[in-house]
Amino acid sequence: MKERANLGWAVEIEELVKKFDSFTAVDHVSLKVKGGEIFGFLGPNGAGKSTTIRMLCGILTPTSGNGKVGGFDIYRESEKIKQNIGYMSQKFSLYEDLKVEENLDFYSGIYRLPKEIKDRRKEWALQMAGLKDRRNSLTSTLAGGWKQRLALGCAILHEPSILFLDEPTSGVDPLSRRRFWDLIYEMAGKGVTVFVTTHYMDEAEYCDRLALINQGRIVALGTPAELKTQYMPEAVWELETDHLVDSLRALKESQRFSEVAVFGNALHVVARKGEDLSSFLPSILAGEGIPPKRLEQIEPSLEDVFVSLIEAEDQENEGKNQG
Amino acid sequence: MKLVRLKAIAWKEFIQIGRDPRSLLLAISIPVFLLLLFGYALTLDVDRIPTVIYDLDRTPRSRDLADHFLRSKYFQLEAVASDYSELQEMLDRGQALMGLVIPANFSRDLELNRDATIQVLMDGTDANTATIALGYASAITLLYSQELLQQKMNRLGAGKISPPIEPRIRIWFNPDLESKNFIVPGLIAVIMAILAAILTSGTISGEWERGTMEQLISTPIHNEELILGKLIPYFAIGMIDLSLSVAMGKFLFSVPLRGSGLLLFSLASLFLLGAICQGVVVSIVTKNQLLSSQISIILSYLPTFILSGFIYPITNMPKLIQFITYVVPGRYFVAILKGIYSKGIGLEILWIEALLLAVYASAMAFWAYQRFKKRID
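As you go down the protein sequences, you meet chains A and B in turn.
In this note's numbering, each number is its position in the first sequence, counted from 1, plus 1.
In this note's numbering, each number is its position in the second sequence, counted from 1, plus 32.
Hints may contain errors.
Unchecked claim - Lysine to any residue pairs mimicking SDA-like chemistry, simulated, CA-CA at most 20 Å apart: (1) A:92 with B:43; (2) B:105 with B:173; (3) B:34 with A:80; (4) A:92 with B:248; (5) B:405 with A:78; (6) B:406 with B:248; (7) A:81 with B:33; (8) A:116 with B:39; (9) B:39 with B:401; (10) B:282 with B:66; (11) B:405 with B:244; (12) A:100 with B:47; (13) B:406 with A:51; (14) A:81 with B:407; (15) A:123 with A:84; (16) A:229 with A:298; (17) A:253 with A:289; (18) B:406 with A:21; (19) B:39 with A:114; (20) A:123 with B:370; (21) B:405 with B:320; (22) A:92 with A:144; (23) A:191 with A:84; (24) A:253 with A:269; (25) B:319 with A:21; (26) A:100 with B:43; (27) B:370 with B:276.
Just so you know, these hints were derived from the structure itself, not from any lab.
Only chain A is shown next, with the shape it has when bound in the complex (with noise of 0.2 Å):
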């Protein structure tokens, strides 16, 4: 019988990190995903996102520190960590010259289930997949949203506890997206852990916690709400107007905000926390002739915290290098 996971922490690392010759792809991550969550693990290409999940999957060594996945070491017990996870790997790795029936046959005899289940697990991935009818077209021949569902079928036949995709959804149209993110909430209601690492914003809000890395390291850590409130460094204030493009230059040339940025048809003026921009900001316009209809702080979206956090981080380490 194959050991059950145990549903405490589904993933725990610490201190985790992968060298690359000198290149550092991760440096020091620790973090704690419980079991059933859906665990987003964000950053841009390159920030070291696919290197924790090969390490957590047990596909790569890491350098140093330490990590459990559903209980077991993944030093020393990376192949009972096999057993109780499903990986989608960047590529959607499945065979191109095998059927799409065959390769949902060639997975369930990797996993070595039992006729019946067997059986009953592939009708349900090619509903799932919506490739009922396509059981016996070449995967070569399939569009990326259905590779993509193939995919996940393929990787969760065995039906694991705990589910590590790696930017499942890059590369396939939204609505696609859209129906993939259905299916995960599907399978975290039924207590399955997911940890997907995505470069999308919006799918990050999907998420119950949320780390967000860049160049290795970690640089916030916690539910969307958290990450807007906590680690914004600075306010977001929306501005309508109608005269944009005036009041765009009009601000800029002030000097006072950090940033002005067009948002659909208002503005979104990013200023120092705290500061209240209603005092001055509509005699700034004032002095130009224009007339502001509404400005309000609102609440940033959690590109403007990625943005802000990533920025601030990247002339930190500039002040570094050139100190």
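Since the structure of chain A is already known, use the hints to place chain B on it.
Just chain B, lined up with the frame of chain A:
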């Protein structure tokens, strides 16, 4: 090891080979092409050597000598030269390999019981052929001299003379000295080696390149299931090709198989297993299909072709090279093939070679098992 996983891997691999026209085509065309090429084109028999004759004597005696050469199947008249430079030009141009010059006083010297000479000019570019042709030329001259001597003795009423020693030669194993009878069996080793190298080179490296390996190593699959599962289809193809080669040897080239066919197939399967595992090891180490196929060819096909004794006799090699041939598994397989095919011998003689092939196969299988890591780094 779990049978279910083994079956899943082997079946997947079978389907993939079946859908890849390139590998199927290679699997069938390599043995057929090599057998046709070597069986027909590569003959080491030396006969019908193009010959040019320059006869300055122009007597019945000189024509009789020339006739002796041309009546044998070994020499064929290309031209009769009218002067020396014409003969030289034909050798230069490669239109003739041998020139026979009969001097003007040839028959007179014979009449006067003086030593008569003839000149044989041989194109020595291909040393092997030249040596063999020279042998024929000397033998024919010797026979003709004996004939002349007998005629002289007859005239003197001395009766039949015979040389003091007469060799009674019987050629064993390949009585007609046909080179296809030793090329075709040896060629089976070359075919197995090249097939194993080409077919297996992409099996692991290809999965790394396409990214499917990353998915596979994140599953609980074991090394032995993966390696063995991948071996099965290639081994099956190899055995089909072996049968194809043996059948072509028998029906197309009429090469006699004197020994046990069962023994031939059993020992061939050892060599095949070793060669396939060797290809898998290379594929594991390189993680790159192109590099892997190149290295595989160099490690497996070339030594089996050159250093196995397939065409080039090992005993003629320099001592150092002879020493190297001991680590070429093809050497033992070629010895086995030639032994079973031509001599009809069995394990009572071939057991050492068989044992060494078994060692080769198990060492390579173990190496592949041990070298494969379910890790990216």
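For each hint, the structure was consulted:
{"no.": "1", "hint": "A:92 with B:43", "in the structure": "violated, 23 Å"}
{"no.": "2", "hint": "B:105 with B:173", "in the structure": "holds, 15 Å"}
{"no.": "3", "hint": "B:34 with A:80", "in the structure": "holds, 15 Å"}
{"no.": "4", "hint": "A:92 with B:248", "in the structure": "holds, 13 Å"}
{"no.": "5", "hint": "B:405 with A:78", "in the structure": "holds, 15 Å"}
{"no.": "6", "hint": "B:406 with B:248", "in the structure": "holds, 9 Å"}
{"no.": "7", "hint": "A:81 with B:33", "in the structure": "holds, 16 Å"}
{"no.": "8", "hint": "A:116 with B:39", "in the structure": "holds, 14 Å"}
{"no.": "9", "hint": "B:39 with B:401", "in the structure": "holds, 17 Å"}
{"no.": "10", "hint": "B:282 with B:66", "in the structure": "holds, 15 Å"}
{"no.": "11", "hint": "B:405 with B:244", "in the structure": "holds, 15 Å"}
{"no.": "12", "hint": "A:100 with B:47", "in the structure": "holds, 10 Å"}
{"no.": "13", "hint": "B:406 with A:51", "in the structure": "holds, 17 Å"}
{"no.": "14", "hint": "A:81 with B:407", "in the structure": "holds, 14 Å"}
{"no.": "15", "hint": "A:123 with A:84", "in the structure": "holds, 19 Å"}
{"no.": "16", "hint": "A:229 with A:298", "in the structure": "holds, 13 Å"}
{"no.": "17", "hint": "A:253 with A:289", "in the structure": "holds, 13 Å"}
{"no.": "18", "hint": "B:406 with A:21", "in the structure": "holds, 18 Å"}
{"no.": "19", "hint": "B:39 with A:114", "in the structure": "holds, 13 Å"}
{"no.": "20", "hint": "A:123 with B:370", "in the structure": "violated, 53 Å"}
{"no.": "21", "hint": "B:405 with B:320", "in the structure": "holds, 15 Å"}
{"no.": "22", "hint": "A:92 with A:144", "in the structure": "holds, 13 Å"}
{"no.": "23", "hint": "A:191 with A:84", "in the structure": "holds, 19 Å"}
{"no.": "24", "hint": "A:253 with A:269", "in the structure": "holds, 12 Å"}
{"no.": "25", "hint": "B:319 with A:21", "in the structure": "holds, 18 Å"}
{"no.": "26", "hint": "A:100 with B:43", "in the structure": "holds, 13 Å"}
{"no.": "27", "hint": "B:370 with B:276", "in the structure": "holds, 18 Å"}
Of the hints listed earlier, those the structure fails to meet are numbers 1 and 20, in rising order.
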